[in-house]
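Let's have the full structure, built from the sequences with the hints guiding it.
2 protein chains.
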Amino acid sequence: MSESDKNYNISDLGEFGLIEHLTKNIQLNRKSSIKGVGDDSAVLDFSGKQTLVTNDLLLEGIHFDLMYTPLKHLGYKAVVVNISDVLAMNGIPTQIIVSIGFSSRFGLNYIEELYEGIRLACEKYQVDIVGGDISSSLTGMTISVTAIGQAEPGKIVYRNTAQVNDIICTTGDLGGAYMGLQLLEREKEVFKSKPGVQPDLQGYDYILERQLKPEARADTIRFFEEKEFKPSAMIDISDGLASDLLHLCHQSDLGCKIFQDKIPIDKNTQKMCEEFDIESTTAALNGGDDHELLFTISTGDYEKIKDEEEIQPIGHMTSPDFGCYMISTSEHEIKLQAQGWRSKEE
Amino acid sequence: MSESDKNYNISDLGEFGLIEHLTKNIQLNRKSSIKGVGDDSAVLDFSGKQTLVTNDLLLEGIHFDLMYTPLKHLGYKAVVVNISDVLAMNGIPTQIIVSIGFSSRFGLNYIEELYEGIRLACEKYQVDIVGGDISSSLTGMTISVTAIGQAEPGKIVYRNTAQVNDIICTTGDLGGAYMGLQLLEREKEVFKSKPGVQPDLQGYDYILERQLKPEARADTIRFFEEKEFKPSAMIDISDGLASDLLHLCHQSDLGCKIFQDKIPIDKNTQKMCEEFDIESTTAALNGGDDHELLFTISTGDYEKIKDEEEIQPIGHMTSPDFGCYMISTSEHEIKLQAQGWRSKEE
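Protein chains in written order, with the working numbering: chain Y, 13 to 358; chain G, 13 to 358.
Just so you know, the hints here were simulated from the structure itself, not pulled from any lab data.
Careful: at least some of the hints might be erroneous.
[Stated by the list, open to error] Simulated restraints on C-beta separations:
#1 Y/G29 with G/T173: 22 to 30 Å
#2 Y/E135 with G/E240: 37 to 45 Å
#3 G/G208 with Y/E287: 55 to 63 Å
Just so it is clear, the structure is predicted and the values come from calculations on it, not from any experiment.
Glycine is no exception: its CB is placed at the ideal position from the N, C-alpha and C atoms.
This is the structure in structure tokens:
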């Protein structure tokens, strides 16, 4: 946009003007995007493929804190966390619809920044923006993202189809986003008590990026495709490893055994945990927002994934009678819980 | 649900428990609903048909006022206004995804009431609930509804395909929802100044229902199907006749001429307008929330719709040079504006 455009304010543009202003340069690249922004509904054509749809609502103060979240990052993250849900079905994210509610304290340039992040994520993941709405809000900022994707019917992977003895795997590493959040919260408190003090965020790029600008595991889904391989069950890790693994177990009506020393934790996360005196396994089990993929594979498929650096086997599925446990480095059986974990003896 | 269930409160249930509690009795009736609530995404199959997707965000204080909006009605309306956008494409609404943010001031029974309204609307319009999320909110209540529908590729009706001389039609009657809102706002002010006084809403059922529990025009879309007829362009009237007709004109790159005495206004709306000293045409042109359908048809198709009581021709499309005008009962040309209208001479 030109500099002169920047002088518009939102009330000059009006609601329709604002939507037009923000969406005018949006191009549709997906063959399945028949009609995007500008009508009552988007029109999509997935002929022969199944359609995946998911929605997330991000609320100020609950899902994000504008005190330390740059709007561009927020827009990026809002898209990424949604398309992660499509990827977790072994699908290809293809379109999104974004609705935003924001209060008049935000000028046009703020909304543009948010939209810039949205557009960046769409470009990176090759997703079309096909609809959306912008409302004023009397309260905080609200972002609703609907992600749409496609998959061949036989390729969709559900949560409830894991089998006994299947190997449990996770991508990337865990707990980083949670530790990034702890750091941001700490610096916020420092800032609140001493407003002049600049936040001390140097050297913490990795965990900050995990929290503020996460990526979705499109590379893993492409890897599955290349290897002509399909997990037996899969879920997006958004609420912490324990919580999401329990979903997978309950829905598959099975138990699980994972090993503490197999849980992948980055050295930067480890370092931050030491600083905060938090057990890094706790950060991985109970911290959220990692958006890695958790999936199970039959033992016969292990060969196909064993050399992939970004995939880590952490245990296996068991009969439901066993329950859901982590074997600690000291070889204790620790019962997994959606929040927190306690020993089997308790 | 049993009475004993009612004693649960939300913190006992937790987020996952709450979602399970609210969605456990949801049945999927649509053949296209492959997988509903309970995985990362919903899975839908529209083989051979195109997919329509739309999202609306409803924010407390902007789109609804909980002081006079019963939660059951709110849930119902949240669904209806969204599926109206699918109908406005000449599509069949098939599924919805509902995400809700609510503050802790609401107990479980409030959320159940809201959900009850959502379920009622889904039953009436034969729409499956295939996903959703519930978050706590630090501020007001937020409802995000994504409506999904299907249509055969050749049957979808866009906004930008009206032709010169096409007849402009509207369904039902206009301005009622706006007058219902005026009444509710008046009684709210009375209540705020004299808290003991009961609101005086007797005899105003029609306009109150138009505002609080609107219906979507599924009957009109069925009528088109029966008559093997397709409008040349169509839009949902949500922002007032003037605003939505202007969208249709601009997107079709045409002008229009409508006639004041043809605009359908119910006698209850008329009566309320007199009480408030508001011109009823103004309520129809600028009041929102009617969720009637505005569409154009070629003159050759007029025979097919002329006997349908619920459809009213109000004018015709013109070349773009003419502009967008209403001919008043006193035969003045009045320029249509998105908000308000002024005479051509000005």
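Outcome of the hint check:
no.	hint	verdict
1	Y/G29 with G/T173: 22 to 30 Å	23 Å, holds
2	Y/E135 with G/E240: 37 to 45 Å	43 Å, holds
3	G/G208 with Y/E287: 55 to 63 Å	60 Å, holds
Hint compliance for this structure: every hint is met.
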